[in-house]
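K.L.:
This is what each chain is made of:
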Amino acid sequence: MAYLEIKKLYRSFGGLQAVFDVSFDVEKGTINAIIGPNGAGKTTLINLISGALKPDSGEVIFNGLHIENLPPYSIAQKGISRTFQNIKLFSNMTVLENIMMGRHVRTNSGFITGLLNLPWSWKEEDSTLEKSRMILEQFKLSEFADRPADSLPFGKQRILEFARAMSMDPELLILDEPAAGLNMNETEELAKVITNVRNSGITILIIEHDMTLIMDISEKIVVLNYGEKIAMGTPEEIQKNSDVIKIYLGDDNAIG
Amino acid sequence: MNKKKYYPLFGLMAFIILFQLFSSFSGKEFLLIQLTMCAYYSMVIIALCTLMGYAGQISLGHAAFFAIGGYTTAVLTTLNLIPDKDNFFISLFNSLGFLSLRVNPYGIEILHFSPWIALVVAVVITYVISFIIGIPILKLKGHYLAMATLGFGTIIYRVLLGGKIFGEADGISDIPEFNIFNLLKINGDNADRIENYYAAWFIVVISMLLLINLIHSRVGRALRSLHGNEHAANSIGVNPARYKLFVFTLSAVMAAVGGVFMTHFSGSIGPGEAGVLKSVRYVAIVAVGGMANIWGALIMGIILNYLSLRGYLGSYDEAIFGVILVLIMLFTPDGIFKAGNFGSIKNFIFSKIFKKA
Ligand SMILES: Nc1ncnc2c1ncn2[C@@H]1O[C@H](COP(=O)(O)OP(=O)(O)OP(=O)(O)O)[C@@H](O)[C@H]1O
Ligand SMILES: [Mg+2]
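Top line first, the protein sequences correspond to chains A and B.
Position 171, counted from 1, in the first sequence is what our numbering calls 163; the numbers after and before it change by one each time, with no gaps.
Position 328, counted from 1, in the second sequence is what our numbering calls 329; the numbers after and before it change by one each time, with no gaps.
Bound conformation, chain A alone:
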C-alpha cells in the first residue's frame, strides 16, 4: 500500500469536468510533480487532497486512512500542509505570527487556558515562539519578523507561505506553483530548499509551470490535461512521451 493513494477521483463544476478519473500513488519521501496546461485541473486535484473541495467520487488514502471526506482542518491535523497558488497569508498578522500559526496543530492550549493564561501554556508558547524563530532564520525571513505579512514583497510572501507550511512539521507538503513570481535566484534557492525538505523525510507534491525546476527535482511526474491523467513517469520518461510533447507543442512552456 502506497503512502498516499489517489483512486479514481472525479470532480466537476457545473458541466465542466475539472478532474476526471485520476489515479496515482505517491511514495514516502519523494518529490512528485503535477504538471499540465492552464485549466488542466491541477489545483482542483490538490484541493481534493487537502479537503478544500469534496470529490464527486473517488478515494484519497493517506497513511492508510480515508481522507476524501474530511474537512481541511482535520486533514491538516493528520500532517498534510499546503500552500496556495494565489498566496493566502494572514494579512492582519505579522510575519512571525503567520509562522506561529503553523504550530497550531502541534500545540494544545484551549479556550479556558487562553482566557486564564494558565501556567502550563507558557512553556508551549515559548516553544512555539522558539520554533517559529528558527523557521524564520532557516527561510531568511528574520529581518521581517515583526512586519505585517502583506507588507512583504511578493517573492517573500511566497517564501513566507512555504515557511508557514513547514512550521507545522508536515509529513506531506503540497505546493501550488511555489516558483510563480520568483526571480531566477529565488527559484534556484527554492529548488535547494525543496530538495532539503525531501531529504529530511517529508513527502512533496508540487504543481509547477517551471519545467526546468520540475525536471531537476522530481522523482515522479503526473501530467494532467482537461482533467485527465494523460501520462505518468520519471522526468526522462515524461520528456520522451509523445502525448505530452503534443500538448506542450506550440505552447510557451516547452519541455526541457
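Possibly wrong hints are sitting among the right ones.
Straight-line distance between alpha carbons at most 27 angstroms, and here's what the computed DSSO-like set of lysine-lysine pairs gives [to be verified]:
1. A:K20 with A:K238
2. A:K123 with A:K184
3. A:K184 with A:K212
4. A:K123 with B:K5
5. B:K140 with A:K80
6. A:K46 with B:K6
7. A:K46 with A:K70
8. A:K232 with A:K20
9. A:K123 with B:K6
10. B:K4 with A:K115
11. A:K70 with A:K80
12. A:K70 with A:K115
13. A:K184 with A:K232
14. B:K29 with A:K123
15. B:K186 with B:K29
16. B:K140 with A:K70
17. A:K123 with A:K148
18. B:K142 with A:K46
19. A:K115 with B:K86
20. A:K115 with B:K6
21. B:K186 with A:K80
The hints are simulated quantities; they were obtained by calculation from the structure and are not laboratory data.
Using the hints, position chain B with the ligands against chain A.
P.N.:
Chain B with the ligands in isolation, oriented as in the chain A frame:
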C-alpha cells in the same frame, strides 16, 4: 511569558482611581454615575471588539445579548413568588437559598430569585441562545452575517417590546440591589455611588484581563487567523465553526453580564436597550476605536458613551453614531465588514516607509 500586555491595565486602574478622587474632591461625585454606566456598556464593547475586530465576525445584534442579560435578571428578581410559595419547586428553591424576600416601596412582600441565581440563569440562557443561533448564522460571512445578526436583534427587541412578562414598552423597574458578599452593592443608591463605581470597573478590569489573555494566546491567534484568511486558517488546522462559535458565545455572555449588572445599577430596564440603534452604536464605537484594538475600543467607548450619557451630544445623539458608521464605511474601502481596513492603511504606510529605506 510576556508581561507587557498587562501594562495598560495599570493605566486603566490608575485612571479609575484618579477620576474618583477628582470627582469626590471637586464635589462632583455625580459624574461617577455616568462613568459607572459607561463601565457596563464597555462590557458589550470589549466583547464585540473581540468578536469583530479580532475574529472578524460582525454582529449587529449585540445590544440584544445585553438586553437578554438585563431582562433575565429583571424578571427573576421582580417576579413575586409569594402566591406560589407552597409549590414544591418554589419551596425547594427557597430551602436551597435561591430565593430572597424583600419589601418593595409600597410595603408589599416580594419573594423572588436572588440576583446571584439570576446572574447564573442569565449567563446560561445567553449561552444557549447564542449557541443555537450561532451554529447556523456563523456560516454566513460579511454583510450576510450583519443582516442575520440584525434580524436576530430585531426579533429580541420585538419580543421584549411585546411581552407582558417583560413589561412591554415600559420595561421592568423596581429591581433590587445585587449584593456581592456584602462587600460591594450594585444599586442605584446615591449613598453607594463610589462603591458602585468601583464594583462596575472591577468587573470591567477582570473582563479586560480575560480578553487580553485570550487575544495573546494560541486560541487568540487562531481567532485572528480566521479574520485574516479563513481558507488558510482552515487548511492549517483551525476548525472555523468551532472557534467562531466559541468567540460568539463568549462575547454574547460577556455582553449579557454587562446587562445584568447595569440593570441592578439603574434599577430598571426598557426595550430600548435591545434596539438596533444601540447595536449600531456598539459597532460604530468598536470601528472608531480601531477594530482590532481592544484598548482603542474601550477608550472610545468610555469617551463616546460618557459624552452621550452626559447629554453633550444633545438631540443628535443617535445620529452621531450613525455618522461615525457612515464615515468609516466611506473611508475604508471594504466597509467595516471586511475589517483589517485599519491594518491595511497601516500596511500601506509601512510599505511606503520600507520602500524608501
Ligand atoms: N471553484 C470553481 N468553480 C468553477 N470552476 C472552477 C472552479 N475551480 C476551478 N474551476 C475550473 O476547473 C478547471 C480546472 O481549474 P484548475 O484551477 O484546477 O486548473 P489548474 O490546472 O490549476 O490551472 P492553472 O495552471 O491555471 O492554475 C478550470 O477550467 C477552471 O476554470
Ligand atoms: Mg492552478
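K.L.:
Hint by hint, note whether the structure agrees.
P.N.:
Here is how each hint holds up against the structure:
Under the criterion of a C-alpha separation no larger than 27 angstroms, the hint pairing K20 of chain A with K238 of chain A is inconsistent with the structure, at around 31 angstroms. Distance hint between K123 of chain A and K184 of chain A is fulfilled; the C-alpha atoms sit about 21 angstroms from each other, no more than 27 angstroms. Straight-line distance between C-alpha atoms of K184 of chain A and K212 of chain A comes to about 17 angstroms, which keeps the hinted pair within the 27 angstroms bound. A C-alpha spacing of about 22 angstroms is found between K123 of chain A and K5 of chain B, which places the hinted pair at or below 27 angstroms, so the restraint holds.
Our distance criterion of 27 angstroms between C-alpha atoms is met by K140 of chain B and K80 of chain A, whose separation comes to about 20 angstroms. Note on K46 of chain A and K6 of chain B: the hinted pairing is violated, with a Cα-Cα distance of about 42 angstroms set against a maximum of 27 angstroms. For the given pair, K46 of chain A sits about 17 angstroms from K70 of chain A by alpha-carbon distance, which is consistent with the 27 angstroms threshold. At roughly 26 angstroms between alpha-carbon atoms, K232 of chain A and K20 of chain A fall within 27 angstroms of each other, so this suggested pair holds.
Distance check on the hinted pair: K123 of chain A and K6 of chain B sit about 22 angstroms apart at the alpha-carbon level, within 27 angstroms; holds. The hinted pair formed by K4 of chain B and K115 of chain A meets the criterion: a straight-line CA distance of about 15 angstroms does not exceed 27 angstroms. A hinted pair counts as satisfied when its Cα atoms are at most 27 angstroms apart, and K70 of chain A with K80 of chain A qualifies at roughly 21 angstroms. For the hint linking K70 of chain A to K115 of chain A, the alpha-carbon distance of about 24 angstroms falls within 27 angstroms, and the restraint holds.
Our distance criterion of 27 angstroms between C-alpha atoms is met by K184 of chain A and K232 of chain A, whose separation comes to about 26 angstroms. Between the alpha carbons of K29 of chain B and K123 of chain A the distance comes to roughly 55 angstroms, so the proposed pair goes past 27 angstroms and is violated. Of the supplied pair hints, the one linking K186 of chain B and K29 of chain B holds, its CA atoms being roughly 21 angstroms apart against a limit of 27 angstroms. A C-alpha spacing of about 24 angstroms is found between K140 of chain B and K70 of chain A, which places the hinted pair at or below 27 angstroms, so the restraint holds.
A distance of roughly 19 angstroms separates the Cα atoms of K123 of chain A and K148 of chain A; the hinted pair therefore holds under the 27 angstroms criterion. Distance check on the hinted pair: K142 of chain B and K46 of chain A sit about 21 angstroms apart at the alpha-carbon level, within 27 angstroms; holds. Pair hint K115 of chain A plus K86 of chain B does not hold up; C-alpha atoms about 55 angstroms apart against a cutoff of 27 angstroms. With a C-alpha separation of about 18 angstroms, the suggested pair K115 of chain A and K6 of chain B falls inside the 27 angstroms cut-off, and the hint holds.
Among the hinted pairs, K186 of chain B with K80 of chain A is inconsistent with the structure: their alpha-carbon atoms are about 51 angstroms apart, more than 27 angstroms.
Checked against the numbered hints given earlier, this structure breaks hints 1, 6, 14, 19, 21; the rest are met.
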